[in-house]
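K.L.:
If you want the building blocks of each chain, they are given just below.
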Amino acid sequence: MPEASTRQSDPGAASYVRFEGVQKSYDGETLVVKDLNLDIARGEFLTMLGPSGSGKTTCLMMLAGFESTTHGAIYLHDQRIDNVPPHKRGIGMVFQNYALFPHMTVRENLAFPLKVRGMGRSDIETRVKRALEMVELPNFGDRRPAQLSGGQQQRVAVARALVFEPDLVLMDEPLGALDKQLREQMQFEIKHIHESLGVTVVYVTHDQTEALTMSDRVAVFNDGVIKQLSTPDVLYEEPANAFVAQFIGENNRLYGEVVEAGDAGSAVTVRLDSGQHVKALPVAVSGARGERTTLSLRPERVKVNPPEGSVPNVLEGKVAEVIYLGDHIRTRFSVAGHDDFVVKIPNAAEHPRMHEGDMVKLGWAIEDCRALDA
Amino acid sequence: MADIPAAGTVPEMRRDEELTTADGRPLRVALRRSQRQLRRRAFYLVAPLLVFLLVTFGWPIANMIAGSVYNPEVAHFLPLTSSAISDWDGEDVPGEDVFAAMAMDMESGLANRTIGRAAGRINREIPGARSLVMGTARDLEDMQPPYREAFLAEDERWGDLEFWRLIKRETRIVTPAYYLLALDFEYNSRGEIVERPEIYQVYRQLFWRTAWMSLTITALCVLLGYPVAHLLATLPLKTSNVLMILVLLPFWTSLLVRTSAWIVLLQQQGVINDLLVWANIIDASGRIRMIYNQTGTIIAMTHILLPFMILPLYSVMKTIPPSYMRAARSLGATQFTAFTKVYMPLTIPGVAAGVLLVFILAIGYYITPALVGGESGIFISNLIAQNMQGTSAQLKLASALATILLVGVLFFYWLFNKLIGVDRLKFG
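Chains as they are written, first to last, in full-length UniProt numbering: chain A, 1 to 374; chain B, 1 to 428.
Take the hints with a grain of salt, since some may be wrong.
Okay, the calculated beta carbon distance ranges per label pair [as the list claims (entries may be wrong)]:
1. 335/B - 197/A: 27 to 35 Å
2. 319/B - 23/A: 31 to 39 Å
3. 413/B - 209/A: 51 to 59 Å
Simulated pairs of lysine-lysine, DSBU-like, Cα-Cα distance not exceeding 30 Å [claimed, not checked]:
4. 341/B - 318/B
5. 318/A - 303/A
6. 115/A - 88/A
7. 418/B - 34/A
8. 341/B - 115/A
9. 180/A - 344/A
10. 129/A - 191/A
11. 88/A - 318/B
12. 318/B - 115/A
13. 344/A - 279/A
14. 418/B - 341/B
15. 361/A - 279/A
16. 361/A - 303/A
17. 279/A - 303/A
18. 344/A - 318/A
19. 129/A - 341/B
20. 341/B - 88/A
21. 418/B - 318/B
It should be emphasised that the hints constitute simulated quantities derived from the structure, not laboratory data. Don't be surprised by glycine CBs; every beta carbon is placed ideally from N, CA and C.
Please model the complete structure; the sequences and the hints are all you need to start from.
P.N.:
In structure tokens form, the structure reads like this:
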């Protein structure tokens, strides 16, 4: 994955968790994780994002110790851990369905990791109390998990993963079972706990919004490979390849081939399959003539009826669908042979309302149109 | 409802008054009426089963319990004697009133041909009493009052206090005699409850043996079934299905076939002994006795009852997500601690259901102990069956034994409910 290697790690920070050439296969025929190299800094909130089956959960399970690595090494704090059994790794973990022990009260659940570590009774009591206060459930110690709401169970699960003060906490789609409103609130709370405790968090999700709002860095997985590892804003604004552009946020795609490399690689001219020429920023193309490429364009960067000469790229589009969304109007155009070209038009006075079948001009800047791999 | 413009279509709510439906009936009455129909329909659906159970289950059990204490012979066939003897103190030969009553009972008993049954009842406890009663009854025509002297002249055994005490005791319609017998007690000649002579004691020992062997079988089923159920619940579906068929296979085979198979395997000229001899582990003369004793019963019954342990265990284990064990491990517990502190407590409803099923089935088991139990490995149910084929007295004894067994099972169920709570059980 050449496109990802440049951003693999922050050279300034000492690496706290390191995957080195990790491969994983379940059946001996296909690789679920292909040559994973990843460095996570101390105190970082790193999210593994990807569609299901992309290998992100497998990576988390290998880090936690529930799956063995087929090849490669995992280091935690410069100690090789891929042969250490899970209970000796000292990693906190929040599971998808919380995995709170149903036969124990909340207090017993929280005391469990302390008890197995042979901690004294009074010590356990103070720590459990502190943990319950941290997640704002001080009076829920005697309840059973089944007597708690989803959000409360979630908080207890977080508290349990943190009560024995691990330096590293793993979270496996912890908010998947919550409704939207609660999920947003819990995102904020987990982020807050992360910041106040300074623990390192590795978070797995398939929800890109969640990944963008919570993380310091996001590793986008696809097909067992990290497609891009970067901060949320870079991921959104500067996707390194067509998969990331498509997976993160909304994206319009146009297909074509390079016909002319620009000066010093500043812009390439691409002939679309429908015949029009477009100038684009070369990101994942070499610039050789005839190379296939995917052009990526964010819906909010497209200008409708731009003033003559203000933008280098102008194409004709026919309105195919208009969806009223209050603050903006989502308009689907038929452009250059694609009828899934979406533009978000702000609901403001200077933008006239459009109707199905209208012909309009659509324009955009070179740097907003990224030429990515085919 | 605020949007509905037409006033009056919605009944006005007043706090101090009962809620009513639109046509003014109290809401509670209307609700009950609407639910009554549903309840009635549900009842009709289960009614056939209810009747069936009452006829085939409730009625016979009630009959059995009644039969085990019912003792009508003396009271019904010697009615006058019964009432006359009630004032007797039992210290000396009864007075003339008792003898006179006996004479009149004999007279009517001869006419009704019922005297023999009364005599038979007494004879059961005092051998020879039948000939005494019948002989005297036949000679009654020639006797004159006072009957006391006449009877004593006829046969001096009429002066036997034991005989009269027995009659007085047996005038009770409800008797604990069969329960005493079922627990190896009896009345002595003075009418006191004492243990039977040691060589006649069978039942207490057999109850005890039935209980401990059932417990052993249950324990073995837990030990053997737990790992199998765990394997079934954790293996991939394809493999676990094959394993499940292996577990269920015994269910589809006749009980007799399975028991006979154990005879083939375990007998002294059987497969296992042959193998051991062939492998020079034992001597041909030292073949091990593994069947027609307690070992045989325990082995065969454990095998037969094992599925009843595995299935509830499996159904409970299947619902325990693997993430619980993982969570415990990630929190620092070793495999062993995670298993004992998290997994095992969660399987208790299954263990309890299996224990209850297997123990209750085992304690009343009949065929297998009868076939492979020999002398030392039979259960109380085998003796109940034996007694059922005997005289009416033995039938009553069988009823008493069976009732004790039933009470024992109910007691076990009660204890179990106290300790674990039956509503927590999962039978699968």
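K.L.:
Now look at each hint and say whether the structure bears it out.
P.N.:
Hints and how they fare:
1. At roughly 29 Å, the beta carbons of residue 335/B and residue 197/A sit within the given window of 27 to 35 Å.
2. Hint check: residue 319/B to residue 23/A, Cβ distance near 34 Å, so the stated range 31 to 39 Å holds.
3. For residue 413/B paired with residue 209/A, a C-beta distance near 56 Å keeps the hint of 51 to 59 Å intact.
4. Between residue 341/B and residue 318/B, the direct Cα distance comes to roughly 18 Å. Compliance with the 30 Å bound is thereby established for this hinted pair.
5. A threshold of 30 Å between alpha carbons decides the hint, and for residue 318/A with residue 303/A the separation of about 14 Å falls inside it, so the pair holds.
6. At most 30 Å may separate the alpha-carbon atoms for a hinted pair to count; residue 115/A and residue 88/A meet this at roughly 15 Å.
7. This hinted pair does not check out: residue 418/B and residue 34/A have alpha carbons roughly 57 Å apart, beyond 30 Å.
8. A C-alpha spacing of about 11 Å is found between residue 341/B and residue 115/A, which places the hinted pair at or below 30 Å, so the restraint holds.
9. Distance hint between residue 180/A and residue 344/A is fulfilled; the C-alpha atoms sit about 23 Å from each other, no more than 30 Å.
10. Restraint check for residue 129/A and residue 191/A: satisfied, since their Cα atoms lie roughly 21 Å apart, inside the 30 Å limit.
11. For the hint pairing residue 88/A with residue 318/B, the CA-to-CA distance comes to about 28 Å; that is within 30 Å, so the pair holds.
12. For the hint linking residue 318/B to residue 115/A, the alpha-carbon distance of about 28 Å falls within 30 Å, and the restraint holds.
13. Pair hint residue 344/A plus residue 279/A holds up; C-alpha atoms about 21 Å apart against a cutoff of 30 Å.
14. For the suggested pair residue 418/B and residue 341/B, the alpha carbons sit about 23 Å apart, so the restraint of at most 30 Å is met.
15. With a C-alpha separation of about 16 Å, the suggested pairing of residue 361/A with residue 279/A holds against the 30 Å cut-off.
16. Taking the CA atoms of residue 361/A and residue 303/A, the gap is near 8 Å; set against the 30 Å cutoff, the hint holds.
17. Using a Cα cut-off of 30 Å, the hinted pair residue 279/A and residue 303/A holds, with the two alpha carbons roughly 15 Å apart.
18. For the proposed pair residue 344/A and residue 318/A, the alpha carbon gap of about 15 Å is at most 30 Å, so the pair holds.
19. Under the criterion of a C-alpha separation no larger than 30 Å, the hint pairing residue 129/A with residue 341/B is consistent with the structure, at around 22 Å.
20. Under the criterion of a C-alpha separation no larger than 30 Å, the hint pairing residue 341/B with residue 88/A is consistent with the structure, at around 18 Å.
21. As the CA atoms of residue 418/B and residue 318/B are separated by approximately 26 Å, the hinted pair is consistent with the 30 Å bound.
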